[in-house]
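Chains E and W supply the protein sequences, listed in that same order.
UniProt numbering puts the first residue of the first sequence at 1, with every later residue one more than the last.
UniProt numbering puts the first residue of the second sequence at 1, with every later residue one more than the last.
By construction, these hints were calculated from the structure, which means they are not laboratory data.
Ideal placement from N, C-alpha and C gives every residue a C-beta, glycine not left out.
Hints are supplied without guarantee of correctness; some may be wrong.
Cβ-Cβ distance ranges computed for the label pairs, FRET-style [said to hold, decoys possible]:
no., chain 1, residue 1, chain 2, residue 2, range
1, E, Arg398, W, Lys212, 25 to 35 Å
2, E, Gln443, W, Asp106, 50 to 60 Å
3, W, Arg160, E, Val281, 47 to 57 Å
4, E, Trp55, W, Gln221, 16 to 26 Å
5, W, Lys216, E, Tyr394, 33 to 43 Å
6, W, Arg160, E, Thr349, 50 to 60 Å
7, E, Asp427, W, Gln221, 19 to 29 Å
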Amino acid sequence: MLRAALPLLGLLLAGAGAVEEPTQDPGLPGEPPPGLELFRWQWHEVEAPYLVALWILVASLAKIAPKVQAGLLDFLLFGSLISAVDPVAVLAVFEEVHVNETLFIIVFGESLLNDAVTVVLYKVCNSFVEMGSANVRATDYLKGVASLFVVSLGGAAVGLVFAFLLALTTRFTKRVRIIEPLLVFLLAYAAYLTAEMASLSAILAVTMCGLGCKKYVEANISHKSRTAVKYTMKTLASCAETIIFMLLGISAVDSSKWAWDSGLVLGTLFFILFFRALGVVLQTWVLNQFRLVRLDKIDQVVMSYGGLRGAVAFALVILLDRMKVPAKDYFVATTIVVVFFTVIVQGLTIKPLVKWLKVKRSEHHKPTLNQELHEHTFDHILAAVEDVVGHHGYHYWRDRWEQFDKKYLSQLLMRRSAYRIRDQIWDVYYRLNIRDAISFVDQGGHVLSSTGLTLPSMPSRNSVAETSVTNLLRESGSGACLDLQVIDTVRSGRDREDAVMHHLLCGGLYKPRRRYKASCSRHFISEDAQERQDKEVFQQNMKRRLESFKSTKHNICFTKSKPRLRKTGHRKKDGVANAEAANGKPQDLGFQDTAAVILTVESEEEEESDSSETEKEDDEGIIFVARATSEVLQEGKVSGNLEVCPSPRIIPPSPTCAEKELPWKSGQGDLAVYVSSETTKIVPVEMQTGWNQSMSSLESLASPPCTQAPTLTHLPPCPLGTEEPQAPLNLPSDPHPSFAFPPSLAKAGRSRSESSADIPQQQELQPLMGHKDNTRLSPGIANSHWCIQFNRGGWL
Amino acid sequence: MRNVLGPSGIGTKASSSSAHLLSLSQRDLDSVHSSAMGSLSSHAAIIPDLDSIRRETGCECARLRWLEPGGWGRRRCNAARMDLQRIGALAVNPLGDRIIESFFPDGGQQVDFAGFARVLAHFRPVDDEDIGNRDPKQPEPLNSRTNKLRFAFQLYDLDRDGKISRREMLQVLRLMVGVQVTEEQLESIADRTVQEADEDGDGAVSFLEFTKSLEKMNIEQKMSIRILK
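With the rest of the complex left out, here is chain W (with noise of 0.2 Å):
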């Protein structure tokens, strides 16, 4: 089992007013010291498309960390694995790697802001208004309930096979469940929570099942971040 509470659990803590800096290499720091000089004209030259990102994704750019002042810059088109790795608490989140591996789709190690804020966009609220007047031969907004589900189903779904099988149930909960519980015990729960969800018996949570497991939660409420709004 991985362990939670790794030795940079606190450490962090204590240097979170200057988190923005941990992802930080030097030649992120130059740029980020140019780029305080340089002018607003000059930060949407290098990201050209802010506003079309803004359009797509619905996200408030400026908020997020790529861009802030002291973040990683505006020059960069480019976030490198590491750059995501390299942030403290992801590290002791148990599900900081497929989080971070969420960023990267397709196993690359750069994703651009565009893909970035894709990602992200999940996570915003869902305005009440964007429901009344959304054009129905438009794609789903990413911030919809089944997109939502569909980031977390991904987390699960380690092998994109489109379910659930009982061995990334396991590895889940072997995440999860942070006391210790014998491997036989988190067998047997990995066991009776694919069977509480299975439906038609295929021994897997499929996408649909997964849906229905939840259709009792809110949520557009619990899969969302008020600061993305």
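Looking at chain E on its own, in the form it has when it is part of the complex (with noise of 0.2 Å):
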């Protein structure tokens, strides 16, 4: 076939001479030049040698090019397997060489897709060899060419069925995370198994699975299993690698297995790498009049050098079948040689060209809100403008896409709590915020006072409040440790996240409280410094407390109740009770009927904890608690004797006003110790009488608002009056004034926010509450309790 072509090419090539002879001559012959010729063109004295020459070279060219016996369809389905770009290759490269994303994602994307086309087209060439050509006719070139379009469309259609199966499948497994990993693996598989089954691209249906699912998935399982899964693939992944590699090796010194051929090897070298460069050329300036951002002369040198040949370029050859291609051993040879070429070559030297040709690189930055939000109000924005020019462009079809997936598919594949926590925005929130609590453990164990403390994504330190966990900590450096729950806003599948944050903040901020103990202890020999400092933090502390009261009082009345419920059971059970008089609370209480109290507050616990989504990553948050108490208990020891040390006209209702208003200390049972004994052990003598004059001045504050659940909206006057006389009788004795509560109650800006913080801390721990409700503390406990609290209220 070659040979027949060549005596072609002499003639033309003779043929070109002659046609240029006449151009070339008129001006040589006719005047003598005049003077030495710098030039001189003389092919008609050279023409015969020449293209004698010529004949023996191109003959010779000729033998060694490939003398391999294979037929047309035999090089096509080598080509259908030399020409696929390799993913692994692909990812393994660019992603050390970090060009820009669009770059970046247009070449793993072609490798990608390109696989797939690949197999397919392997699979209709090598049908067509196991036909034999003779057989093959003209409609099996049509079938062949349906059957690409056939098995690719069918290969991703099953990999979309197998994706929702996925994403609706993940959605059910809250209370069963453990199979979740397992059924990512087993059901993206199962996609691969059908479209086989069905001869389908097997590939594309496994790529179109996980392109389809990631979103919904990965909301939907937990965090670990994100982790479980992630990690798994990627060792799967490199094992796979590894072995294909290692299989390359050995079959490249395994001469048995290969055949050399000079010409077919440096033959296939040079065309994939001008057939590569010349179809990235076509299709880019295709591409080009579409696109906003035309893709230049540079991205399209990367994009050809970029064509890596891997490992399933090898597999497929190794799958031959050399009874029916002969030349399968040729073939062989041929593909490690242009594998390991295009690998270690150009793998080796695309990093240096991409430097030397200046392509841009991908810049990592951290996200900020503001980048995230303008970029959506851009997206929307230029959706809007199409909509008005009237042509319906990118932006269009994307805005399309979002609001039917926002309305139907994230519904139905998505988790309620899942989805409602699926925003762009508030993730890069989210992550800010860890990123400062990690940033303030890491430095800030050692931060004292809040004042010092400054963190670093944030560039201003004003006094804007926020309920960000940054203020948080700013606020509480060395008090309150459990008003960190406010990081839990999120109820979601990011529980190790949590856990890793809460962990690190409860080590974090362990260590100043014992310095502070230490300070404290000094303090008992009074000291004028430390007095105030304490007096500063305990004020802060009691700030937010009162913040938060308000904010019950408008919101969660129910919440209160329970924990109350809670926490009044477990203390029965810890003993830890003692002869603190129960305060106004449980009296007003005392005035109702307190088993229909119970009820109603027990149904609502049961509503909130079944309708909100409250997943197993939420006792993430319990776990961190408890391990906080491991250490707390101890001070809670102490703390009993520091009891008695003040004057018992005021401490024995302190305590348990506190327990009793603050609804998240008695969400634990060992928190509540924490708390009380944390205050108890910190603030000095004098300070205990502040704090058990604010606490009543609270009460009297807060409590008639948020009596109880809302069943209770009626109570009358009464428990009011008997509340105020107290806070009046205590005030005299207070020694220190800088303790009365309305200043800061005044400062409404700044509490108005707090008080945001702390509504959706409770709302956070209501489920846990709730659901350690059900499972602990039955109705009739708390019910009897309810009776011992209204007696103590009658005793007093």
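Combine the two chains into a complex, taking the hints into account.
Right under this line is the structure:
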């Protein structure tokens, strides 16, 4: 075939020479050159020997040209497998190179889909070869083209179906987290097998399965499962990669498996580079007609040079049947050389090339809320402008898709709780907060007071109040560790991050507290500066609590009653409860029909724990808290002693008040101990009086509106009356008038936003407590406990 | 929070092929019919300064909905606010109202074609040649980075005091954060966002700070629509 073409080539060359002659000649013989000629064209002198030499040269080149015995179909088969750009190799190399995202996604995306298309082409060609070229009829070629579409689109469809199934299944796994990774693997594998069974493109099926379900599955499964899937996949991938390259190496030295043919190898190397470049140039030209940002020459160079062949080509060539394809050995050798050449030579040189060509690199900068928000805004603006212009372009269709996704797909495939928090702006906000918290812990373990604290991602530390953890940390640098639960505003699958952060915070924040203890003990020898500091901290804590009361006031009344229920039950069990008299709150209750109250509260709790999709991850929070208490409990003992020290007149009611009033404390029995012990321990004697006084004033301020569940709104005003005298009673006894709380209350701006911090926290706690309540605390116990409270109240 | 997924959301999609007609009243239809029969010269007479508009804004005006055969008709010199509001997809766009507002700068009800094109010119892609041989004395073209940013900034800055206050940021966030986030969380996000960009500590984002917070973003690319080239 090639030989037949050679004379033609020679003729063409000769013809070119013949055509050229007249155009060159006229000037030359006409007039003799004036001087020494720098350049003379004398084709006719060398014409005959030149042509002969060319003939021989071409003929000898043809000799090194493949002596492989293979037909057109065989070569087509080989071409179909050698043209595949390998995603693994591309990924490995391009991750190293860090080109910009557009370029990366073009090359990587191409290799991903290319992979599947190649397999399809390979299958078609392979079946042609097996049929034998004589038996292939014209309709078969048409069928081959059709099957290309059927196989690839069918594979994609299978993948999407399984993606749907997978997303739908993971939606309901919140109680069996353990099977989530298994589901992901098995359903993806089932997609592969199904596609293979129907002889569709299995790789495309798996790819589409992953593409389609990622958004939903990632939101549905827990963070641990996500990590498990991710690392198992990576491990498997690198195992497979290693094995296949090992196989490549082994067969490279196993000369019984391959047969060398220089012509075939050199020709293949040249042509894959050449046609890759040609294909890239042509296709980017077409693409550039529709692109806002055109792909320039440099991009095209990188794209052509980045066509790395890899394992897929090798695997496919190994799979050839030697009976059907006699030239298999040649193909194997060529493939090995090509793979080695592209991966080693091109892969090694692409980085210097990218540097030399100054390809735009990808830049990594920290996400900021502003950028995220504005990016969304821009997208919407563009979509709107496209609407106005009347041309439906990219933004329009993306907008459409997003709306469809939001309205139907996400609703159907995402767990409700996951769906709720699935927002990019919110994600960025959340991540920023976590980073702040972690960096605070990293550096802030040594920060005793809140003042010296600077956070990296916070350019200005202005006084704008915020509920982010940064502010909380700043606020309660040494105080109630508990309030960090505000971080938990997201009840989501991020349990791992939560847990990590909580542990870090727990560890980090414990140190200052410990140090604080030392300073406290020193305080008892009465130091002025220390005292002032203590006061400050104490005041801050109190303010926070107060504001949390206010927030409960308008919002969630039943959270209060529930914690109280639980805490009281706990306390009874633990026997921690001392002779502390019940304060106004239980008294109020005492006036009501207790049983009725309890019932409503219980039902509300159940409702809450059912409706709110509290997942197991939320239990992470509990675990953390429980850990904290192990350290705290021993402090509790100390506090027990401390309680005796202060004047007995005021102390007894105070811890009870605190525990009663502060919903988050009672969320955990241990927690309650912690807080109360904390306050009693930290706060020196004089401040104890302040504490008690402020607590009682707190009650008078906060208790009326939040008196129990909504059922109790018709509460008679008499408990109020009983309460109020208590506050003035304590007031004069207070040596430190700085603890008067109304001023702090007046700080409306700050308190408002801080109270907003507390609300999510309580919401966060609710389900936890509800959950525990159901298991631990039967209504009967609670009921009896209320009776006890009632009795106490009466006794007081 | 505004319901982003209004009931009209999908209905619009179905009729998107006839989206141009959505914005037509009966009167408009008549004018379209008559103008379809009219020649190009008559069209030029009705909107006389088409060339000057093109020179000023660089817009390829003929591609706009206004001038398309099925569009709002060439006879009309003004578009009313209602015309824009009738575009179905805009109604479900969270920023749709604000975009419409930006076409009517002074609260008017009408916009002429020049004004219309001037707004759209913000979204023209930036040509390298344009930058190269631009006369430095001339005002910056409408599609410069600064002007693109200013357009976006004005969507935030409702009271037009040159600053995005915390309240304005909150309003935008409420539109943008699609999921059910509580008001408190939204507020804290708004606080944080303002705080992040706020450099002089006045609790609001000025245009300069706005620009600075976006300096790493390729605005020329992000705020351009190919069709307006």
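Checked hints:
1. E:Arg398 - W:Lys212: 25 to 35 Å: holds, 28 Å
2. E:Gln443 - W:Asp106: 50 to 60 Å: Given about 52 Å between the Cβ atoms, the range holds.
3. W:Arg160 - E:Val281: 47 to 57 Å: holds, 50 Å
4. E:Trp55 - W:Gln221: 16 to 26 Å: violated, 56 Å
5. W:Lys216 - E:Tyr394: 33 to 43 Å: violated, 23 Å
6. W:Arg160 - E:Thr349: 50 to 60 Å: holds, 56 Å
7. E:Asp427 - W:Gln221: 19 to 29 Å: holds, 23 Å
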